[in-house]
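There are 2 protein chains.
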Amino acid sequence: MGVDDLNNLFLRSALTEENPFISTDEVFLWLEERKSLVEVNVEKIVFEKLTEWSFHKENNNLSHQTGGFFSIDGVKVATNVGEVRSWEQPIINQPEVGVLGIITKKINGILYFLLQAKVEPGNIDFVQLAPTLQATASNYNRLHKGMRPLFLNYFLKPKRGTVLLNQLQSEQGARFLKKRNRNMIVFTEDDISGHQDFVWLTLGQIKKLMKTNNLVNMDTRTVVSGIPFGRYSGEQLGLFDSFNLKTSDNTFSFDLMRSALDFDSGLFTFDEILTWFTSLKSQYTLNLEKTSIFNIKDWNIGEFEISHKKNKYFKIFAANISISNREVKSWQQPLIEPVDEGVIAFVTKKINDVLHFLVQAKLECGNYDVLEMAPTVQCITDSYDASEELPFLNYVLTADENQIKYDTYQSEEGGRFFHEQNRNLIIEADEDFDEKLPRNYIWLTLNQLNMFLKFNNYLNIQSRSLIAAIDFT
Amino acid sequence: MGVDDLNNLFLRSALTEENPFISTDEVFLWLEERKSLVEVNVEKIVFEKLTEWSFHKENNNLSHQTGGFFSIDGVKVATNVGEVRSWEQPIINQPEVGVLGIITKKINGILYFLLQAKVEPGNIDFVQLAPTLQATASNYNRLHKGMRPLFLNYFLKPKRGTVLLNQLQSEQGARFLKKRNRNMIVFTEDDISGHQDFVWLTLGQIKKLMKTNNLVNMDTRTVVSGIPFGRYSGEQLGLFDSFNLKTSDNTFSFDLMRSALDFDSGLFTFDEILTWFTSLKSQYTLNLEKTSIFNIKDWNIGEFEISHKKNKYFKIFAANISISNREVKSWQQPLIEPVDEGVIAFVTKKINDVLHFLVQAKLECGNYDVLEMAPTVQCITDSYDASEELPFLNYVLTADENQIKYDTYQSEEGGRFFHEQNRNLIIEADEDFDEKLPRNYIWLTLNQLNMFLKFNNYLNIQSRSLIAAIDFT
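Keeping their order, the protein sequence lines are chains A and B. Under this note's numbering, the first residue of the first sequence is numbered 1, with each subsequent residue one higher. Under this note's numbering, the first residue of the second sequence is numbered 1001, with each subsequent residue one higher.
Heads up, a few of these hints could be off.
[As the list claims (entries may be wrong)] Taking lysine-lysine and the PhoX-like style, the derived pairs with C-alpha atoms no more than 20 Å apart in a straight line are:
1. B/1349 / B/1290
2. A/297 / A/315
3. A/178 / B/1290
4. B/1436 / A/178
5. B/1035 / B/1329
6. A/76 / A/57
7. B/1297 / B/1309
8. A/454 / B/1454
9. A/312 / A/297
10. A/159 / B/1106
11. A/106 / A/178
12. A/290 / A/178
13. B/1159 / A/436
14. A/49 / A/329
15. A/76 / B/1436
16. A/454 / A/436
17. B/1297 / B/1310
18. A/49 / A/297
19. B/1076 / A/290
20. A/290 / B/1290
21. B/1310 / B/1178
22. B/1208 / B/1405
23. B/1076 / B/1310
24. B/1309 / A/290
25. B/1159 / B/1106
26. B/1309 / B/1076
27. A/405 / A/349
Just so you know, the hints here were simulated from the structure itself, not pulled from any lab data. Source: prediction; values computed, not measured.
So here's chain A without its partners, still in its complex pose (with noise of 0.2 Å):
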């Protein structure tokens, strides 16, 4: 399959919401019965009582006894940008690279994408749609002697020419150190059927889907907001007949795909906004330090979790969790909770009549590579109260009924992070929007964004899951 063709491919099926086999309000109904036939306890212990866990004295942190999976370690990090320079926090610490991964097929002619019920411990309402196959290496080696996770071949050993989507994608950049995983989709000609944890639905599907609070896990939208949709050229888009789709009438819709598949009418060029992102990486530092866990500064280790000494950020508490169709029906682990929810909100504002999405780069500690291009705004609501001047926070909240174009509550993983949701924005600018920008901030159109994402780190995971929700219809 040519480039062009599978471009087209993954349009057609975005722009597709139909579906013979089952339809978006059944996916609904499929999922409230799905999470009818499993029971979830996740119950807080002491520490003392994790079995497979426990404060590890000679690494200094809280790890698994196989040394598999992850650990949480205390980090000691300084910058020089932003209003705290220098910090302690605990970081989870995961070397390996995962594995998140949709099978597609081709039938009559639109791209249809395989998701599962999963039930993972962390999740609002315990059961999301998860991509196909979502797995560390740890979790498919079976450190944990489950059963081998189905399908993992399709992604382990994949087919020549069946790998449609290959991206090392990082996690959130606050939490983990330098974490990534692979996100992937390939394509089968094979008959799967018969599993009644998954189901076979539309790009389009997935994304109406997406309007819905806290129902595609965070593992779908980060392999989703890799999907690229070509490139076409102004003048060719003025033929827009010609890729014989059917077009939107709904306006900002019609605006975000324009901005997804026009190539040349970005306010900078890409060189320009390379540019604009090394000199910012050249001059920002960022220097990490591993410190003992039972030494952070500001933080202390209870009888039942980690925690802030003003209560703030994170905690990570001991949980005894059990799940009736899980691999494992039951085992312990630690899970890191929110204190607060966040938010994450895109402004996009029509330039030179292409939509240009206001991007700013953030220094996150456990980034990869010292920056990433994160959305307009990215917070934690409970520091709203100490970052009143942050740029946009104020417009964001404020913004009309109309310039709201999607407002939703997304959740982060739910096999580490317990009921954690961000309110997920994007936002169209009026007339009264500031233009003067601060230095790290800059416009991009959707096709910019998506030639990044072709890269490794350089959309961070909060701009991903917005860019994945992104939808043309």
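Using the hints provided, position chain B relative to the given structure of chain A.
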């Protein structure tokens, strides 16, 4: 200046050797004169006699009293590829981003580059052609209390619109711990003259000078390697006259230019190359742990040098240096001296009428992100015996005269490396070339390599050295 104009300006300069101010022959004479005006003395001394440097018991390294410049640390390396999967070694730790910058100016429609005859203690012949500015942060913050480097503000505070190139690029991954420099080219209309150590050269001249051994220094070569020449479809290239450029009589040179400019004739698409690279990055592991320099396995600290027990790889020695026309007249520092010279080589081959370069995904312990794209062959000669199995080494070393398109010795940077040189080779494959490639090898066009160069940490310094030397005339 638009991107196309800029690319054409670079290309025109690359195709121009005529320079009314100084001919290429005169550059040789001028350099001889510069050499005659300096006196350099490098004397090996015992470590104990280093005044501002010492073995630091608390940090377990060899470091400068200010904590600036660089330190020599010990690392333990573990990986899951290659014959040797774990080892320890000394490594240069310099967690600052240096600036390597060239000022350019347009004179009668041709772009000229301002290079300087720079004296470095480790240089073979002491004087080589360096960028306008090469400075570490320690350097321009004047830790050594020398003069503020000339032209610094052109790069630290460039005027709007004057930055033509701005890339973060790596140094040697086998020697440096995640070291990067900012490679910059800026444009000026200022009158810069009267600096006796500086000279204005066309890009064509610089490439001609790279045909002489050890004349153009590593820092100049890495900046030059990143210069883009534009993107043209095969169809546009058919109308080559429209570029108003002289074409070459030399078929291989013309093939090189076509490979640099043609963006749609690669054997693999850009997405396929990214998928190949991402797959390898996901599967190769690289774990580094600091260890005490006093306790590096297989390495000794002697009175005069740190060396491998079998006298392999490299040595670190203490040097007393005096130079007559440098910022600081005399000082002491550690220098790194190779045990033997190395060889780096690109094998090239016409595929679908366009010249391709055989690129290797290579893991080196100090790499910022596990793997970088390296030349077809990259090794040090004293490891020849051990690496008879090294792919393509034998092919490269036994190539026929008429296959050898480029063959010179080029130096590593003389500020930290002492008399280190590599044989740089570009070889054209013949009919007998084995098509079967190890999975970490792939064919790319120059245009594709140039696209990866725009991003950080894709091409290693060895491949950039070879690309810099590519001459279209």
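Agreement of residue 1076 of chain B and residue 1310 of chain B with the hint, judged by alpha carbon distance not exceeding 20 Å:
Holds, because 18 Å separates the two Cα atoms, which is no more than 20 Å.
CA of residue 290 of chain A to CA of residue 178 of chain A, is that 20 Å or under?
Holds, at roughly 13 Å.
Restraint check for residue 454 of chain A with residue 1454 of chain B, where alpha carbons must lie at most 20 Å apart:
14 Å, holds
Are residue 1208 of chain B and residue 1405 of chain B close enough, with their CA atoms no more than 20 Å apart?
13 Å, holds
Given the hint that residue 1297 of chain B pairs with residue 1309 of chain B, test it: the Cα-Cα distance must not exceed 20 Å.
Since the Cα atoms of residue 1297 of chain B and residue 1309 of chain B sit roughly 9 Å apart, the hinted pair holds (cutoff 20 Å).
Could you grab the alpha-carbon distance between residue 106 of chain A and residue 178 of chain A and see if it respects the 20 Å cut-off?
35 Å, violated
Taking 20 Å as the top limit, are the C-alpha atoms of residue 1349 of chain B and residue 1290 of chain B close enough?
Answer violated: residue 1349 of chain B to residue 1290 of chain B is near 42 Å, above 20 Å.
Distance restraint between residue 1159 of chain B and residue 1106 of chain B, which requires alpha-carbon spacing of 20 Å or less
Distance of about 16 Å is within 20 Å: holds.
Is residue 297 of chain A close enough to residue 315 of chain A, meaning Cα to Cα at most 20 Å?
15 Å, holds
Given the hinted pair residue 1309 of chain B and residue 290 of chain A, is their Cα-Cα distance within 20 Å?
31 Å, violated
Check whether the Cα positions of residue 49 of chain A and residue 297 of chain A lie no farther apart than 20 Å.
Roughly 25 Å between the alpha carbons, so the hint for residue 49 of chain A and residue 297 of chain A is violated.
Can the restraint linking residue 1297 of chain B and residue 1310 of chain B be considered satisfied, given a maximum Cα separation of 20 Å?
12 Å, holds
Violated hints for the displayed structure, listed by number in ascending order: 1, 4, 10, 11, 15, 16, 18, 21, 24.
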